[in-house]
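Undergrad: The lines below spell out each chain.
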Amino acid sequence: MASAQLALNDVSIGFGDGVLLSKVNLSVMPGECVVLVGPSGKGKTVLLKLFAGLLKPTLGQVQIEDKDLNQLAPHEQKQLLLKMGMLFQKNALFDSLSVGENIAFPLREKTKLSEAEIQERVVYFLEQVGIGHARLLYPDEISGGMQKRLGIARALALKPQIVLYDDPTAGLDPITSRLIVDLILRLRAENKSTVIAVTNDMVRAYQMADRIAMVVDGEIVITGNKAQTLAHQDPRVVQFVRGQLHGPLTESQ
Amino acid sequence: MPKLLIDVIDDVGNCLLFVREVMFTALTSPCSFASICEQIWTVTLQSLPTTALAGFFVGAIMTVQFTLQITTFGALGYLGGLSTSGTVREVGPLLIAFLLSGKVGAFTSAELGTMQVTEQIDAIRCLGANPIQEIILPRYLGIIISSFFLLAVGLVMSIFGGMLLGLVFSGINPEEYVRHIPTIVNKFSVANGMFKCLVFAFLLASICTYKGYSARGGAKGVGRAVVSTAVLTMVGIVVFDWLTSLITDTAMNVVLGNS
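First to last, the protein sequences are chains A and B.
For the first sequence, the working numbering assigns the number -13 to the initial residue and increments by one for each residue that follows.
For the second sequence, the working numbering assigns the number 10 to the initial residue and increments by one for each residue that follows.
Source of the hints: derived by calculation from the structure; they are not laboratory data.
Subject to a maximum C-alpha distance of 30 Å in a straight line, what follows is the list of computed DSS-like cross-link-like pairs (lysine-lysine): (1) Lys69(A) x Lys178(A); (2) Lys28(A) x Lys53(A); (3) Lys69(A) x Lys98(A); (4) Lys76(A) x Lys42(A); (5) Lys145(A) x Lys42(A); (6) Lys229(B) x Lys76(A); (7) Lys69(A) x Lys9(A); (8) Lys229(B) x Lys28(A); (9) Lys229(B) x Lys42(A); (10) Lys42(A) x Lys12(B); (11) Lys42(A) x Lys96(A); (12) Lys145(A) x Lys212(A).
Restraint-style ranges between C-beta atoms, simulated for each label pair: (13) Ala228(B) x His119(A): 23 to 33 Å; (14) Asp81(A) x Val17(B): 29 to 39 Å; (15) Thr59(B) x Arg164(A): 45 to 55 Å; (16) Thr59(B) x Glu51(A): 49 to 59 Å.
Quick partial rundown of chain B residues pointing at chain A, CB under 7 Å, derived from the structure: (17) Glu128; (18) Gln129; (19) Asp131; (20) Ala132; (21) Cys135; (22) Gly137; (23) Ala138.
Ideal Cβ placement from N, Cα and C applies to all residues, glycine included.
Can you build the whole structure from these sequences, using the hints too?
TA: So, in structure tokens, the structure goes:
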């Protein structure tokens, strides 16, 4: 049996006096797409940041390809993290760089490509996400959907094997959301990458996920694929999936 | 211990750790020469007009003040030397530090703070780059190196301002004004001024980059970072001015005493 590409082993993390996640476990197999759903502020983005090495767990291990991320030497950690790309919730685009330069940045930093090759790759990635015409514009001169596409293109610039998407359809209209999810699925199929995505849009979650996991009450509830999630018996999952006003999720608040 | 005091100690400690990390990065993985030059250009260009203008009027003020004092002693010929010595030793570095604090310190803190709260710094890390090397170090070195350029500009303008005012209001011709400058402004005065300039620039670069880099909590957090940069640099410059005066005076006494 193949081993997990990404794993959380008994991971706990908290901020201040509160505990956000308590002894959570999650395994993601190579090529799999796991979508994290759940109420806001319960730790979905924190989980992505744990995998990206931006946060350290209070307890437990974050494993990437069987290596404990936080036990590695800085240069080893950096090498491992280069296999990963991340789309941030608010895109985190470099606003002082043009659209093209946003993609060129990681290529200049981490590859030995010539300037001509970098520009070639920039054009290629921008065409892939359908914003080739915006290369010379700045991030604040393009629409929200285009910014999202640019964020995706930048996350994929170093051809990562693992891609983390933090709410890729947040704030977008349904048609643009659909286009973004189609883009994510197409790029995943082309690159054969492993994907972890966070979303609160269940339609998009069903569309993307091999498995869905719900982050709630400091734990991760694996709900399975679309059919298994819809048939799940946990009242918290039922309330969230159906968007009901009354239930354990709203009572506990 | 009061919470405020604990917070202050905590902040100072974190700032020192941050400076250590910047120094370590400078030694182990320095940033590109082009990025430092870009920052020097930006900082110098941002502050050049105000430095030149302020330098001119500092020279003018010094001339007016010294004229009143030394006319009584019939030593008007020493006006240029005394005025320039005061600017080189004290007013010049202090002026540059205050101007840089107001313009570049606030700007850098706001810029880095915005990058922090919009997750751009996290994004740099995710793309396999080191944010200290990529964005902090060039700004840090840029501020320190530019402060020397600006000091030179400020000094030249203050001599020019003093000379013009001396000519207009006291009738001292420019040749007489500059004649005693080399007599009074010696190598110790220049070394003193440059040492102060270095210390102030180091202080400013450390505070504004640290405050920006550690900003949290959206627009309000960035605002807080800018305000604390302004307050801390102003207070810090005054305190370190006293400290450096003490050090340089002691050093000068030791050197002159031994020679």
